[in-house]
Each structure stands twice: as C-alpha cells, then as structure tokens.
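Construct the entire structure; sequences and hints are all you get.
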Amino acid sequence: MHPIAEKIQSRFPEGFVEANEWRGDLAITVKREALHDVCSYIRKDPDLDCDYMVHVSSVDWPDDEERFEVVYEVYSIRKRHRIRIKTRVPEHDCLVDSMTDIWMGADFMEREVFDMMGIRFNHHPDLRRILMPDDYTEGYPLRKDFPVQGKGWRDTFDFLNDPSQ
Amino acid sequence: MKLEDQRTTVYKVDPSHPETESLPTLRTEELLLNMGPQHPSTHGVLKVILELEGERIVKSTPVMGFLHRGVEKLAEGGTYHQFIPHTDRLDYVCAMYNNFAYCRAVEKLMDITVPDRAEYLRTLVAEVQRIIGHLFWLGTQALDIGAMTVFFYTFRDREILLDWFDELCGARLTTSWYRIGGVERDFTPSLTKKVQKFLDYFPPKIDEYVVFLEKNRIWLARTRGVAVISAEDALSFGLSGPTLRGSGVDYDLRKYEPYSAYPKCEFSVPVGKNGDTYDRYWIRIEEMRESIKIVQQCLQQMEPGPIMAEVPSVTLPPKDRVFTNLESMIQQFKLFSQGFDAPAGEIYCGTEAHKGELGFYIVSTGGGQPYRLKIRAPSFIHMGAFDYMAKGYMIADAVTIFGTYDIVMGECDR
Numbered sequence: 001m002h003p004i005a006e007k008i009q010s011r012f013p014e015g016f017v018e019a020n021e022w023r024g025d026l027a028i029t030v031k032r033e034a035l036h037d038v039c040s041y042i043r044k045d046p047d048l049d050c051d052y053m054v055h056v057s058s059v060d061w062p063d064d065e066e067r068f069e070v071v072y073e074v075y076s077i078r079k080r081h082r083i084r085i086k087t088r089v090p091e092h093d094c095l096v097d098s099m100t101d102i103w104m105g106a107d108f109m110e111r112e113v114f115d116m117m118g119i120r121f122n123h124h125p126d127l128r129r130i131l132m133p134d135d136y137t138e139g140y141p142l143r144k145d146f147p148v149q150g151k152g153w154r155d156t157f158d159f160l161n162d163p164s165q
Numbered sequence: 166m167k168l169e170d171q172r173t174t175v176y177k178v179d180p181s182h183p184e185t186e187s188l189p190t191l192r193t194e195e196l197l198l199n200m201g202p203q204h205p206s207t208h209g210v211l212k213v214i215l216e217l218e219g220e221r222i223v224k225s226t227p228v229m230g231f232l233h234r235g236v237e238k239l240a241e242g243g244t245y246h247q248f249i250p251h252t253d254r255l256d257y258v259c260a261m262y263n264n265f266a267y268c269r270a271v272e273k274l275m276d277i278t279v280p281d282r283a284e285y286l287r288t289l290v291a292e293v294q295r296i297i298g299h300l301f302w303l304g305t306q307a308l309d310i311g312a313m314t315v316f317f318y319t320f321r322d323r324e325i326l327l328d329w330f331d332e333l334c335g336a337r338l339t340t341s342w343y344r345i346g347g348v349e350r351d352f353t354p355s356l357t358k359k360v361q362k363f364l365d366y367f368p369p370k371i372d373e374y375v376v377f378l379e380k381n382r383i384w385l386a387r388t389r390g391v392a393v394i395s396a397e398d399a400l401s402f403g404l405s406g407p408t409l410r411g412s413g414v415d416y417d418l419r420k421y422e423p424y425s426a427y428p429k430c431e432f433s434v435p436v437g438k439n440g441d442t443y444d445r446y447w448i449r450i451e452e453m454r455e456s457i458k459i460v461q462q463c464l465q466q467m468e469p470g471p472i473m474a475e476v477p478s479v480t481l482p483p484k485d486r487v488f489t490n491l492e493s494m495i496q497q498f499k500l501f502s503q504g505f506d507a508p509a510g511e512i513y514c515g516t517e518a519h520k521g522e523l524g525f526y527i528v529s530t531g532g533g534q535p536y537r538l539k540i541r542a543p544s545f546i547h548m549g550a551f552d553y554m555a556k557g558y559m560i561a562d563a564v565t566i567f568g569t570y571d572i573v574m575g576e577c578d579r
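Residue numbers (the numbering used here), protein chains in the order written: chain A, 1 to 165; chain B, 166 to 579.
Calculated from the structure, these hints are not laboratory results.
Built from N, CA and C at the ideal position, the CB exists for glycine as well.
Don't take each hint at face value.
To be verified - Here are some chain B residues pointing at chain A (derived, C-beta under 8 Å):
1. 229
2. 356
3. 398
4. 402
5. 526
6. 532
What the hints assert, rightly or not - Beta-carbon label-pair distances, calculated as ranges:
7. A:23 with B:466: 23 to 33 Å
8. B:373 with A:145: 55 to 65 Å
9. B:420 with A:66: 31 to 41 Å
10. B:503 with A:44: 42 to 52 Å
11. A:90 with B:530: 19 to 29 Å
12. B:428 with A:145: 42 to 52 Å
13. A:90 with B:234: 43 to 53 Å
As the list claims (entries may be wrong) - Only pairs whose alpha carbons sit at most 25 Å apart, straight line, appear in this in silico PhoX-like list of lysine-lysine:
14. B:359 with B:429
15. B:458 with B:438
16. B:370 with A:79
17. B:380 with B:362
18. A:151 with B:238
19. B:420 with B:362
20. A:79 with A:44
21. B:362 with A:79
22. A:144 with B:458
23. B:438 with B:420
24. A:7 with A:31
25. B:429 with A:79
26. B:438 with B:556
27. B:499 with B:238
28. B:359 with A:79
29. B:429 with B:362
30. A:44 with A:7
31. B:238 with B:224
So, in structure tokens, the structure goes:
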C-alpha cells in the first residue's frame, strides 16, 4: 500500500475503507463520519501538508446502496503529492460535512456539487444553487436518472413540424 | 496611507468625536448594485450583486450560470473522441489548450505514449496559444480600466497568430487540432517559416506594450495594490496560474509535473511578490517572453517523425489512408461512433493552461463513453475568491478584479 494510505489507515483505523492506486493517482475511500477528520488531518499534518484544493466532484452510482460518491482532490505544494479522498453517501441521507473551514475554495466547489448532484453539505455557509437558476425545480442534472434533454415544462412543447400530427 | 490601511478603513462618523453632535443625523444604508450581466467588463454574462457602503464594496455575490450548457452531462453521452470539439467551447479564446488538457487526460486513462514530434508540435502550439491568451488578457484588461491604446496593438499581433491557426487547422478559434494520441496534421514548411519570422517580430512588440502601460499613471494606480491576496489564502481558495504565482507561489504544472516536451525545454517561471494585479500583469508579460523561448527550442529540437501514436484500437488512422483504404475508413467510423474500450478506473490530469490549472477528472466503467467527466475550470474556482478579494475596495476596482483573473464565462459556467 502507498505510504500515505498506510499513514491514514493507522491514524483512522475505523474510518478507513480502502486505498487504490491506479495510473499514479492515489485514491483513498473513507467513511462519511471520518471524512472531516481525515481532511483536517491531511491539511495540518506536516508530512502530508495538503494546502491546495484541486477540485470537489461527485459520481452517481444508481445501482449501489450508497448511491453517491463525493470526491475531494487535494495537492501539497511543498511535498508535491496529490491525494484523492472519497466517501459514499446513501440517497435518502445524502449529507456530508463541509470542508469550507479547511479550504476556503471548497465553498464554490461544494455548491456546484449540491447544484448538480443534490448532495447537501453540513455547516456550509451559503448552500445554494450556483449554475442552475435559484428557482429550478426539475431536479439535479448530473444524476444518472436525469435525461440529457432535460425534463419539465420543455416536454410539453408543441413542435411545428411534428410528423405525427 | 499604506495599502492595508486603505483597504480596511471604512470612512464612518466617529461617535466619540466632539464635533459629532453638531452634525445633522443622516440616514445611511447599504446600497445593492447589480453589476452585469450586461456589463462589458464581465466578458460574457456574469452578474455580481455588490453591497456597497458609499463607494466601498462590503460584500459581493457572484451570480453565475448564464452560459451553463451542461458540458459534463453531454460528455457522458458521447465517445471520448466526440468530446474534443466540446472542449473548444469551454474557454473559447484558448481552444488549443483545452484540447490539449483533455487529450492528455484521456491518454493518461488509456496509457498512451505520444511520439516525440507530436509532443513538440503540441508544446509549440500550446505556447502560441498561451501568447494569444495573454495578449487577449492584456488588451481587454487594460481596456476595461480605461487604457484603450494597448488593446489595438495586442489584437493586431493576436490576429497574426490566429491566421496561423487558420492555416494549421482551418479554424481560428474553435480549433480541435489535438487528437487523442497525437495531433491532427503536421506543420507545412510555409507555416514553419512564418513561425520563425514571428519569433523575430514579436519580442520588441512586448516592450511596446510595456511602454504603453507602465508609463500610464492612471493604469498603474488602478493595478498596484488592487486585488491583493496572500499566498496562503490563494492556495486555500485553489487559485492557480498567474493569479496564484502573483502571490509568490511558484506552482506551475509545467515544472511540478512536467509533461509533453516541457522537460526538454529550458524556461523559467516568473513569480510575483505582492500578490496584486500589477504583479499578475508582470507575470503574464514575462510568460510571453518565456513562451517565445519555448517555441524557439521546440522548432530547433523537432525532428521529422510520426505525429500520431500507433495504437490502432484507440488512435485515429491517418487521414490519407481513411480516404483510400476501406479498413481505415471503417476504423475511423467505429472509433467516432462507438469509441474505444477504455479500462475501468478513474484518473485526474491537470494541465497548466494560461489561466491556471485546467484539469479533467474522468471516471470510466469500461466501454466507449466516460461514466463521469468533471472539468476543473480555473475561471470557476477563481470566482470563488471574488468576494474575499473585492471586500473593502471601490466599485471601480471590481472591474480590475474581474480582469485580474482573466475570466472567460464559457469555461466558468461550462
């Protein structure tokens, strides 16, 4: 196992789920309850020192029991390593602790995840939609059950050259 | 008055002052001002709601998404090759670098090594694109804060470079010249000559722009000490590119995680000290000079050779074979319509575009289409720091702060 993953596993034996290294990228999956502690640990620990927030992302796995995956990717400018921290949340309770108190940039990135995937963040200072309109009610566009053409009032349009009419 | 004082002092009536009582009681309240979405300095459609106390900004709330097209969702419905033209439309002033970043990400996913000549060509064109991006930034940023002249000069030279792109791939802005595993076509001898000619022509022009701006007292006053951010805060916000390097962090992926032909070229990364708009301007000017050096070295070191990796299951067959050979045509058709079989896994690949770190996070479950594709757009992440950086400045400085990020809404809203 990668030394960084070992370090996190020994520090958080209960929260740690698995570590995966592929194409040179290190991805560590942790339990949702431990996510905030792990993140503040990798930010503050002098050996890990991940001071740079790269991106926050989310993946939808509709067939899994814990449907959503939240992905935090961080980088250390001084140590030059990249760590991807992932966690899973179920659909009926998709709530994750916000990282805005650790990395300020998480504010907008988490808002985007909320907007696109509908995952809510605990203690986020301003959790609103960011790219879609504030009054958008048609759901969360990046979920796999959301059709590419969109849904809602557009489906009721009459088309002028509809051959079926 | 020192810079910090100027920023934090909000002029208020001092209640303890003996003359305060004689002053008439005036009603004061905060004013909400919508800046945009039609304001010309917002470069596209961005609205910022400013809360003002007098002329000072107390709070600013960016409202984004006017240009949201759902590119990430579209990516899930197409093959990897089909997504290349979509990347052009992210940051439409710098299409080449977006193609480059995306193709690198897919090559990392597929574990493809690109031939040497293609790497040099890619680096060369990417650096030319960086010059175009910085010229565009220099002209429009100065125009936005009232220094109009330099705009005409930078756009004159940008035009020369766009004409090359026209000759190289038939398009000026939405180029789609990069391919997974290489590039679409090679330089013609006439193009190589033009590049060489430009290398002699361009460096004196940079000095010209510098004279226009650095002798302009108004422009200097409006950029020095404006939009200051410390290195620690900039990192915490995830800023990258010249916006981060202006604060004194030398984070540049071309040096930190060298890719393409950059490790074979000698260049330096300019780093600022004060973290203000002027330092970021200076960095971009110096980067143009460095880019010229890289282009020169690429031209010297480049040797004839293939421009596309030989991985028939992934990379496209050469165009001349597609038109003469049935198998190649079928292969091209299948690669575009069904795609190649990508291994299951996930990768993140960041590339140093001229705005900052442009990254692609791709999750694959096998098959020809990405399961999830996330674009780490520097413009979007820079906007996250807007409120923090604009606090305490005047309304007019908001324009400078838009400018300092080099924001393009196509990339910001995706």
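Indices of hints not satisfied (ascending): 2, 6, 13, 16, 17, 19, 21, 22, 28 and 31
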